[in-house]
Amino acid sequence: MIGLVLRRLGQGVPTLLAVVAVSFFLMRLAPGGPFDLERPLSPAAMENLRKVYGLDRPLIVQFGSYLASLIRGDLGPSFSFRDMTVAGLIGRGLPVSATLGVLALAVSCCLGIGLGCAAALRRGGWIDRAIGLSAALTLSLPSFVVAPLLQIAFGLTLRWLPLSGWEDGDPRHLVLPVATLALPQVGALARLTRASLGEVLRTQPIRTMRAFGLPPGRVVRHALRGALLPVVAYLGPLAAALLTGSVVVETIFGLPGIGRYFVEGALNRDYTLVMGVVLLVAALVIVLNLAADLACAWLDPRLRTDA
Amino acid sequence: MSGQGGPGRQFLGRLVRERGAITALVVLTLLAAACLVGPALTGHAPDRFYPDLRQLPAGLTPQPDAAHLTPALNRIAFRMRARVVAADRVGDNLRLVLAADQPIDRRSLVYLPRSDLFGPAVVAANEDDGRRLTLEVAVKRLRFLLGTDIHGRDLLTRSLVAGRISLAVGLTATAVALLIGVTYGAVAGFAGGAVDAAMMRVVDALYALPFVFFVIKLLVFFRASLVLMLLAIAAVEWLDMARIVRAQTLSLRERDFVRAARALGLPAAGIIRRHVVPNTLGPVAVAATLLVPRVILLESFLSFLGLGVQEPETSWGVLIAEGARAIEAAPHMLAAPATFLIATLVCLNLLGDGLTDALDPRAG
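These protein sequence lines are chains A and B, in that order. The first sequence lines up with residues 1 to 307 when you count with full-length UniProt numbering. The second sequence lines up with residues 1 to 364 when you count with full-length UniProt numbering.
Since the hints were derived computationally from the structure, they do not count as laboratory data. Predicted model, so just to flag it, every value in this text is computed and none were measured. There may be inaccurate statements among the hints.
[Stated by the list, open to error] Label pairs and their in silico Cβ distance ranges:
{"hint": "1", "chain 1": "A", "residue 1": "TRP126", "chain 2": "B", "residue 2": "ALA269", "range": "49 to 57 Å"}
{"hint": "2", "chain 1": "A", "residue 1": "ALA18", "chain 2": "B", "residue 2": "ALA247", "range": "21 to 29 Å"}
{"hint": "3", "chain 1": "A", "residue 1": "LEU156", "chain 2": "B", "residue 2": "PRO103", "range": "47 to 55 Å"}
{"hint": "4", "chain 1": "B", "residue 1": "VAL85", "chain 2": "A", "residue 2": "LEU156", "range": "40 to 48 Å"}
{"hint": "5", "chain 1": "A", "residue 1": "VAL175", "chain 2": "B", "residue 2": "SER251", "range": "18 to 26 Å"}
{"hint": "6", "chain 1": "B", "residue 1": "VAL90", "chain 2": "A", "residue 2": "ARG129", "range": "53 to 61 Å"}
{"hint": "7", "chain 1": "B", "residue 1": "ARG79", "chain 2": "A", "residue 2": "LEU59", "range": "53 to 61 Å"}
{"hint": "8", "chain 1": "B", "residue 1": "GLU311", "chain 2": "A", "residue 2": "LEU26", "range": "20 to 28 Å"}
{"hint": "9", "chain 1": "A", "residue 1": "PRO14", "chain 2": "B", "residue 2": "GLU311", "range": "40 to 48 Å"}
{"hint": "10", "chain 1": "A", "residue 1": "LEU156", "chain 2": "B", "residue 2": "ALA45", "range": "30 to 38 Å"}
Note that CB positions come from ideal geometry on N, CA and C, so glycine has one too.
Chain A with its partners taken away, still in its complex shape:
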């Protein structure tokens, strides 16, 4: 088990390296620079700035020194946020995005898996059809439509909840963003659970259990263990996506999360900030995919041998 974890983490290193290299050279090949202001700087000032940040050196040397500082765990200074390091900015934004992500993940797991089970157990019934249809609908509702609608309904018309802002994680400010993030995932998870549980319930062992007269609750518990495999595999990338923040949700609700920093960084040609966020997301994707695989191996002993 530990060997598997180490090997998978080892495989992640070249991936991360590729991410760094591709990001680095793509950004530098693009026109424009971090010091392009509306009023152009004098050539001398520009030269000095470039020298301070080391942008005057050959590209390959810059790449080397970036990698070197990366190994020391230093993500570098931000170009656009004065006197802030990239690590400091991520330290500010990540708690916001992660709070939203964890809550959205919890909500969508509880509701999605629960509804999916209900649909699979009453296959063909009205509850199944209702869940199927609303799952197809929520999957097709883009967050950038849902968010303004929620704002109108609960913020402007009913005046129950604030429209936007963070306010140090005040729960009232979290409700609408979390709902927006969770809604499509509830649909996705419900569909996935329904399909896979439905399949498992038709297999021989489950039929045998039923034939032996096991109480339905016990049967479902056994079936669920197998049925959760694809769900867990889906949860890995989903968790990574939710934890690292949704650009749209953070923009619409004005939340100071990772996604906002990323977009602002990209617009300002803040090379180091963009790199830092991309690296963070890539690392999280790798780790959470590994976690999902480990969870799958725990659920299904057959997966333990060949992984």
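Mind docking chain B on chain A? Use the hints.
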């Protein structure tokens, strides 16, 4: 596989039984047809501004109605250096009485037809040496079924024109992703062994990339453009397709007809084209159907952020972004494009589900 007809007939039979999928297909066809020919039938050009008719709500009433007539008239009269003394509607015509301190310049009457709301003006009476004119003016009857946007453009026409772009992006990017994914997957699966392992490691590595962030970065750093967006989306979305096709190819490779083709000395490229790819089309068709809504969603998401389709082109994402900005004053501006987008996505998803069920011999 008993029953009448071949597998193809059975598939069609099952598909017809999926009522949701058939409904979705019909709605989609209607939507696509509306987007194609609709803009020519609405009576408004998509980029035609009606400065006097901004943010009209959706409705059937012909415009300009009384509420919009007076301010428009006042503004035209001001430009003619005159005052509106009386304006009475007589059927489709307007009897307009203008007065001014100086004789009114007849040439300035062209302001009326130029405003898009009125026809040419005919002088019916002339009093006070031309200081008081009575005019017969035809009033246009314009209809904006879904209202107008902040610049007074017809939202129905714009939504339909936007639909062309959104659907075209969805189909094109899916086609490109299909091309890359099917080729890559078929080659990897057919080659097998070390080549397959190496090719699939690349796919695994690409799966770990934070793609949304990559696409955003690409579009921000290299100026958003339609072609770049198409490429970026296609580069993101071919991975699933490659995996599906590879899995299919691995099993096809060992079938007798492929072995026979090989024994006959057909080149590998020929076998892949003639025997492998056609046999993977079922699952690929399903995946492609489900990919189109994802691509459209991604496109509107990027356009919503201002990174996708750029003015003067428009797409549902662009219109939704405009609507979201004006949501307090004019909620209909969000409702119109959002309804089109959501209807399309729901139909495509239902169609994909129906295809999945119809292709699955265990179901039904």
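Now the hints, each set against the structure:
1. The supplied range of 49 to 57 Å is met by TRP126/A and ALA269/B, whose beta-carbon atoms lie about 52 Å from each other.
2. A beta carbon spacing of about 25 Å between ALA18/A and ALA247/B agrees with the range 21 to 29 Å that was offered as a hint.
3. Checked against the hint of 47 to 55 Å, the pair LEU156/A and PRO103/B passes, with Cβ atoms roughly 52 Å apart.
4. At roughly 42 Å, the beta carbons of VAL85/B and LEU156/A sit within the given window of 40 to 48 Å.
5. Taken as a hint, the range 18 to 26 Å is violated for the pair VAL175/A and SER251/B, whose Cβ atoms sit roughly 49 Å apart.
6. Take VAL90/B and ARG129/A: their Cβ atoms lie about 57 Å apart, and the range 53 to 61 Å holds.
7. For the pair ARG79/B and LEU59/A, the supplied restraint of 53 to 61 Å holds, since their beta-carbon distance comes to about 59 Å.
8. For the pair GLU311/B and LEU26/A, the beta carbons lie near 26 Å from each other, so the given range of 20 to 28 Å is met.
9. Distance hint for PRO14/A and GLU311/B: a CB-CB separation of about 42 Å, consistent with the stated range 40 to 48 Å.
10. Checked against the given bound of 30 to 38 Å, the beta carbons of LEU156/A and ALA45/B, roughly 34 Å apart, stay inside it.
Of the numbered hints listed earlier, the single one contradicted by the structure is hint 5.
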